[in-house]
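> Line by line, the protein sequences are chains Z and R.
Letter by letter, the first sequence follows residues 1 to 75 in our numbering.
Letter by letter, the second sequence follows residues 1001 to 1536 in our numbering.
Note that these hints are calculated values from the structure, not bench results.
Don't be surprised by glycine CBs; every beta carbon is placed ideally from N, CA and C.
Keep in mind that the hints are not guaranteed to be accurate.
[What the hints assert, rightly or not] Here are the simulated distance ranges between beta carbons:
hint : chain 1 : residue 1 : chain 2 : residue 2 : range
1    : Z       : Phe35     : R       : Gly1048   : 17 to 23 Å
2    : R       : Asn1228   : Z       : Phe31     : 19 to 25 Å
3    : R       : Leu1499   : Z       : Ser14     : 19 to 25 Å
4    : R       : Lys1514   : Z       : Ala52     : 19 to 25 Å
5    : Z       : Phe31     : R       : Ala1503   : 15 to 21 Å
6    : R       : Thr1229   : Z       : Phe31     : 15 to 21 Å
[Said to hold, decoys possible] Pairs of lysine-lysine, DSSO-like flavour, derived with a Cα cap of 27 Å:
hint : chain 1 : residue 1 : chain 2 : residue 2
7    : R       : Lys1154   : R       : Lys1268
8    : R       : Lys1526   : R       : Lys1224
9    : R       : Lys1471   : R       : Lys1459
10   : Z       : Lys69     : R       : Lys1526
11   : R       : Lys1514   : R       : Lys1368
12   : Z       : Lys69     : R       : Lys1514
13   : R       : Lys1377   : Z       : Lys69
Here is how the chains run, residue by residue.
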Amino acid sequence: MSDTPPEERAGDRSPWNWLLIPPIVIPLLTFLFNFDEPRLLGFPAFYWLQLAFIVLGVICTSVVYQMTKRKRSAE
Amino acid sequence: MSEHITELIVFGALFVLVSAVGFVAARWRRPSTMEHLDEWGLGGRNFGSWITWFLVGGDLYTAYTFVAVPALVFGAGALGFYAVPYTIVIYPMVFLVLIRMWSVSHVHGFVTPADFVRARFGSPTLALVIAITGIVATMPYIALQLVGIEAVLKTMGVTGHLPIIIAFAILAAYTYQSGLRAPALIAFVKDTLIYIVILAAVIYIPAKLGGWGSIFEAAEAKFKASPNTGDGTLLNMNNQLQYITLAFGSALALFLYPHSLTGVLASKNRDVIKRNMSALPAYSFLLGLIALLGFMAISAGIKPIVGENGKPDANTVVPQLFDQMFPDWFAGVAYAAVGIGALVPAAIMSIAAANLFTRNIYKEYLRKDASPADEAKVSKLISLVVKVGAVLCILLLDPQFSIDLQLIGGVIILQTLPAVALGLYTRWFHRAGLIAGWAAGMAAGMWLLYQIPNPASGKAHFGGSAFPLEKLGFDTKMTLYAGILALAVNLLVAAIVTLISRAAKVADGVDATKRADYFADEGDPKVKELDLSAAH
């Protein structure tokens, strides 16, 4: 059970939600990563950078989750 | 066929194993009764983080994806890698949207996106439109899962349609019996197999091919030699916008598919969803590695198998690579991973399509007084019909037709965005505006796709999703994802008709949801419970 009745909750607003913007925008800016050099383990930059953006996405969403999850007495 | 005997035995054994799991699933987390749509169709609405991760992951990253994405990279290079940004941007994008959808569905007992639209805009017609769009977009997707299995069987030398029919008959039987619990439990097996196979592939195959450097060199050499100007290991000036809009448009579309929402609504609370938004990208990483199998296949000199129609079937590239690189027994495991990988999404998609029919057509128009037990019964039967339909699609039509339909499916499911996704945030649109916008978006989408030729396959129409902007009179060689253009038309028309309807005082539907409904969580009162307490 949640502590406050739903009518009184503030909704989903939180300044942490702004962190969701970078992982949406950066992977779509092709001019940032459409290059061959520098290579990493033989991978052109185009490929390893985009795989690295996955980590960016995980970090941003994890932080938002941790900072906005509801405190629950059951857990 | 005899040289594939080990592969066939391993494949067959694993297939039998998951079929058994599918039937046993009915007893897993056993409900007091299975005769309710919440139980059969949503697994009791009580899945925790782990099950949801496997279920949604197994649902979104389908066998077809695992076969088609590397096939695209094999053929076109960098453009095929759009699957990676697509599956990165999607999770932060839907993070806040899905929890709203979960909450309002939890409070009102919605099972489908069309249920929500009906309550929000007070319009059974709009809900019907959304439901039909969902069913039409899902059907070819299910058929494509069969294409995935067929690609694997072809490589093992198994021809004819009988194995597919048997596989789908078994799938239909355990889905009928166990509902969403079957794919949820099988997803554990499927994903474990896929992770093992892909991790082995990205370590073992490059070592055999002389490292990643030489793999990319071989790919560059191939694309340089090809007459096609759109391919290469990097994007060029003309396909960057296509890459961006395709990734973004696909991300917008994914959670509008009814089967994606099924996995989300089956989770037990909002935090499960939020946590999964940061855990699901593990599959995106896997998908990125899988995409690179396309380059490995180039480097290994793989030639796609020539199909019955005399054209090379690019979807056989990855199975061929496994066949050539792996020892027989492990190739069998890899094929099983793809084959089982087709069953999980096929089961969830057929459940989602069946739920749409039951809730938004059967209960709405055919039998208004249907009880939850009736709904479960109808849904179970329809899930069978849907699978028979998918098998018929493959048997009677050229598989290429299913691929075209799926392409169209992505564009048309996007046309439900204003009602389903924007509807979660605003009630500004008039129901007439949404219906008009949907119709305009559908027409525009069809027209755009019809205009797209594919020089590679010699088709004049429906040749892809990259719309050349020069067709609209722009002096450029740039291309754009057709779905995004169609959505723009949809939104524009929806807005204009909304303004006109308001000005003309056309009656608007009643909104059955309250603001607080969008933030409710596990344990908060539901509408039915509220009704009961009011009656006492």
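> Now tell me if each hint is right for this structure.
For each hint, the structure was consulted:
A C-beta distance of roughly 42 Å is found between Phe35 of chain Z and Gly1048 of chain R, which places it outside the suggested range of 17 to 23 Å. A hinted range of 19 to 25 Å holds for the C-beta pair Asn1228 of chain R and Phe31 of chain Z, which are about 23 Å apart. For Leu1499 of chain R and Ser14 of chain Z, the hinted distance range of 19 to 25 Å is not satisfied, since their beta carbons lie about 33 Å from each other. Between Lys1514 of chain R and Ala52 of chain Z the Cβ separation comes to about 43 Å, which falls outside the hinted range of 19 to 25 Å.
In this structure the supplied range 15 to 21 Å is violated for Phe31 of chain Z paired with Ala1503 of chain R, their Cβ-Cβ distance being about 44 Å. The hinted window of 15 to 21 Å between Thr1229 of chain R and Phe31 of chain Z holds, with their beta carbons roughly 20 Å apart. With a C-alpha separation of about 41 Å, the suggested pairing of Lys1154 of chain R with Lys1268 of chain R is violated against the 27 Å cut-off. A threshold of 27 Å between alpha carbons decides the hint, and for Lys1526 of chain R with Lys1224 of chain R the separation of about 61 Å lies outside it, so the pair is violated.
Between the alpha carbons of Lys1471 of chain R and Lys1459 of chain R the distance comes to roughly 17 Å, so the proposed pair stays at or under 27 Å and holds. A C-alpha spacing of about 21 Å is found between Lys69 of chain Z and Lys1526 of chain R, which places the hinted pair at or below 27 Å, so the restraint holds. Using a Cα cut-off of 27 Å, the hinted pair Lys1514 of chain R and Lys1368 of chain R holds, with the two alpha carbons roughly 24 Å apart. Between Lys69 of chain Z and Lys1514 of chain R the alpha-carbon distance is near 22 Å, which keeps this suggested pair within the 27 Å criterion.
As the CA atoms of Lys1377 of chain R and Lys69 of chain Z are separated by approximately 37 Å, the hinted pair breaks the 27 Å bound.
Violation of the numbered hints given earlier is confined to hints 1, 3, 4, 5, 7, 8 and 13; the remaining hints are satisfied by the structure.
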